[in-house]
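All the letters of the sequence shown, read from the start, carry residue numbers 1 to 715 under full-length UniProt numbering.
Please note: incorrect hints may appear among the correct ones.
To be verified - The list that follows gives simulated cross-link-like pairs (lysine to aspartate or glutamate, EDC-like), each with its CA atoms no further than 20 Å apart: (1) Lys597 / Glu587; (2) Lys463 / Glu441; (3) Lys559 / Glu582; (4) Lys509 / Asp551; (5) Lys603 / Glu582; (6) Lys559 / Glu529; (7) Lys603 / Glu591; (8) Lys545 / Glu572; (9) Lys603 / Glu587; (10) Lys652 / Glu626; (11) Lys509 / Glu529; (12) Lys559 / Glu587; (13) Lys104 / Glu94; (14) Lys512 / Asp551.
Since the hints were made in silico from the structure, they are not lab data.
Owing to the predicted nature of the structure, the values given are computational and were not obtained by experimental measurement.
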Amino acid sequence: GLSTQPIWRKLWDDVMKTRPPNSESITCWRKKFLETFFSNVLHGVLDVSSDWRLHDRHFSPLLHSSPHVSQLTLCNMLQGAVELTAKHNHKVLENLAGSLRVLKFQHLLSCDQSIRRSLALLLHRLIHHGSVSQVSMCSWPVPDTVLLVLILTMSAGFWRSGNALAYHSSSCGLCREEDKAQSQESAQEGAERDCNAEREGSGGENQKRSPKEADARVASVLSGPRSPPLQNPACEETSSEVPCGHTSIQEGSSPRSSSEQLSCHPIPQKTRRWQKPAVGRKRRCLRRSRGHYADPEDLYDFVFTVAREDNSGLLDKTRTTEGEIAENWTSSSPGSPCTGHAGCKKRGGPAGILSLKAAHHFRSVSTLELFSIPLTGETCRTLSNLLSSWVSLENLVLSYNGLNANISCILSGLRALSRHPECRFRVLRVSDMFSHMPCMELVRCILSALPQLHTLSVSFDLKNQLEGSRPEASPSCSEAEIPESCLEVLEIRFPREPLHTAFLLPVLKASKSLQQLSLDSATLPCPQELGLLLEVLRECTSNLKKLSFHDVNLAEHQKEVLLLLQDPGLQEITFSFCRLFESSTAEFLSEIINTVKRNSSLKSLKLPGNRLGNHRLVALADIFSEDSSSSLCQLDVSSNCIKPDGLLEFTKKLEGHIQQRGGQLPFTHLRLFQNWLDQDAETAQEALRRLKAVCSVVNDAWDSSQAFADYISVM
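Take these sequences, add in the hints, and give me the full structure.
This is the structure:
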């Protein structure tokens, strides 16, 4: 019954010798210590020999801490991947395959072929034969295209065989066991079919044969010599083949068939391959044998392989231009992913899409996150083609990738995925610096393509640099038909765009299950716009529980604010930096308090950044008076110029209301971030001490003087 948390906290101080970031939010110090310990040892940050308790030849830091690691970050030159795939860390990798759930890549740099091979082995074990369900990549300003495509491809569940980055299937014990099991199952089924056919065809002779003899015949077939499972010829490459460095990715090479490249497992039929035009090639590798590739950096040949099938079978091998390939794919099934339209127009290089029908598919991750990684048109097509069959994918986050018009290419792949009967895709979050089209137009495009989405978040900082090239929404867009969707959460951050309710109306009408709506940085074109929005919300979103406005000027919309606060369906309302009290009177604050007191359904009220000050904060304590029927549990008054003496007065008034109510109060959480509590530390400590006896208080050590200086410098 004793907690070991203090022991692990002390171990952190003794071994790590650093202050952990966000220590207030750490719920389990044991997990935090062991994960950080593993990562620091792996990357050489922590010197094991510096502590006598760790300097023991019988103790392996990585081995003992690996079963407790659920999240791992690899960075820079991927030294951690090389270390984990070394032979002496085989058991460590086995432990990680069972415990690791989140794999992150941060600040990656270009690396050589041997490191990419180690990374491929690591991803194969942790994703294809492991438990990793989320892959995140962030802060990669100039991504290595080969490395990026390798991570994306293996995260999608495809093993790239037949080149220097891969290894023979016999090198993976788990793959070998699967092949053996499959071959045994096939042999047993074949033997049973032979016996059944023989019994049916032999007539009376088989009727005279006893069941024991028939069973013995099956056993003899199963125990007899069995041919090895079919192997992809590409997997039989030997290490004697020397990679050729004369042909770059841009110069191109003849693409292999997708069935040859994706798997070392049995393939029903050998597919023919299309060759890219030789235009632009400077040198051709003479050592490259027919059907085999020695160039280790030909991942584009893998991803952009074209293997279009028609009713009569596979097309004959031919040379074609980029336009012909796009035309061929455009004329194929409507569910095909990106076909090289204007949004993802490619300039030179390989073209086409990845055919995955005949490929063996390993286990894949369910969450993919890409933060601050520029994605070119080619990389977007790569991702689009992988997304088109990524049936296990549930969450996709694309943040600051410079997509612009290439967003349509990504949507093309997701549209194809949504038509798959086993599609599980539910969450899409897109954020970027510049918006290629108006936010509401993009939202309508996404919901039209992905009606099964549960969560959609669209966020942009600024309008497109070239206003003339940015398409504007037409009035007819509000009449566009959107299929009924499963959307539950909708978050839109406008790049200072006007919020036209007419454009939002078809989205809300199609989203009958909407429970949470967040509107950020929108401007109201006319005073009546917010009123129209409230009418639409009441008519179309009866299930709405949470409504949030951030950085929307509501100073002149006091009537609408009061209507929202008395809505019986809303459980959480946020007015963040909405300038509520900029031009208000004392009567407006009293009306807010009385409205909240009468609303028994409202559980959370968030008012950060609205210039409350001391006197308004003290007045808000009356929400919990004896005659109140409010069920408010959470109150957020962050960034509201609150000083220690005002907080202390609020605390005393709250204590008085508690006594009047017999010690019962629904209020449980108070958030106080970025207030002026450092101006009188003693008074602030007393107020916080007394508040913590009433509710849970979350605050920070904020330097108000420095923040004010920063504010003045920006003005």
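We went through each hint and held it up to the structure:
1. Under the criterion of a C-alpha separation no larger than 20 Å, the hint pairing Lys597 with Glu587 is consistent with the structure, at around 15 Å.
2. A C-alpha spacing of about 14 Å is found between Lys463 and Glu441, which places the hinted pair at or below 20 Å, so the restraint holds.
3. For a cut-off of 20 Å, the pair hint linking Lys559 to Glu582 stands: about 15 Å separates their Cα positions.
4. A C-alpha spacing of about 25 Å is found between Lys509 and Asp551, which places the hinted pair above 20 Å, so the restraint is violated.
5. About 25 Å separates the Cα atoms of Lys603 and Glu582, which puts this hinted pair outside 20 Å; it is violated.
6. Note on Lys559 and Glu529: the hinted pairing holds, with a Cα-Cα distance of about 13 Å set against a maximum of 20 Å.
7. Only pairs whose Cα atoms come within 20 Å are accepted, and Lys603 paired with Glu591 is accepted, the gap being roughly 18 Å.
8. Taking the CA atoms of Lys545 and Glu572, the gap is near 6 Å; set against the 20 Å cutoff, the hint holds.
9. For the proposed pair Lys603 and Glu587, the alpha carbon gap of about 23 Å is over 20 Å, so the pair is violated.
10. Distance check on the hinted pair: Lys652 and Glu626 sit about 15 Å apart at the alpha-carbon level, within 20 Å; holds.
11. For a cut-off of 20 Å, the pair hint linking Lys509 to Glu529 stands: about 17 Å separates their Cα positions.
12. Among the hinted pairs, Lys559 with Glu587 is consistent with the structure: their alpha-carbon atoms are about 12 Å apart, no more than 20 Å.
13. Pair hint Lys104 plus Glu94 holds up; C-alpha atoms about 18 Å apart against a cutoff of 20 Å.
14. Restraint check for Lys512 and Asp551: not satisfied, since their Cα atoms lie roughly 26 Å apart, outside the 20 Å limit.
When the structure is compared with the earlier hints, violations turn up for hints 4, 5, 9, 14 and for no others.
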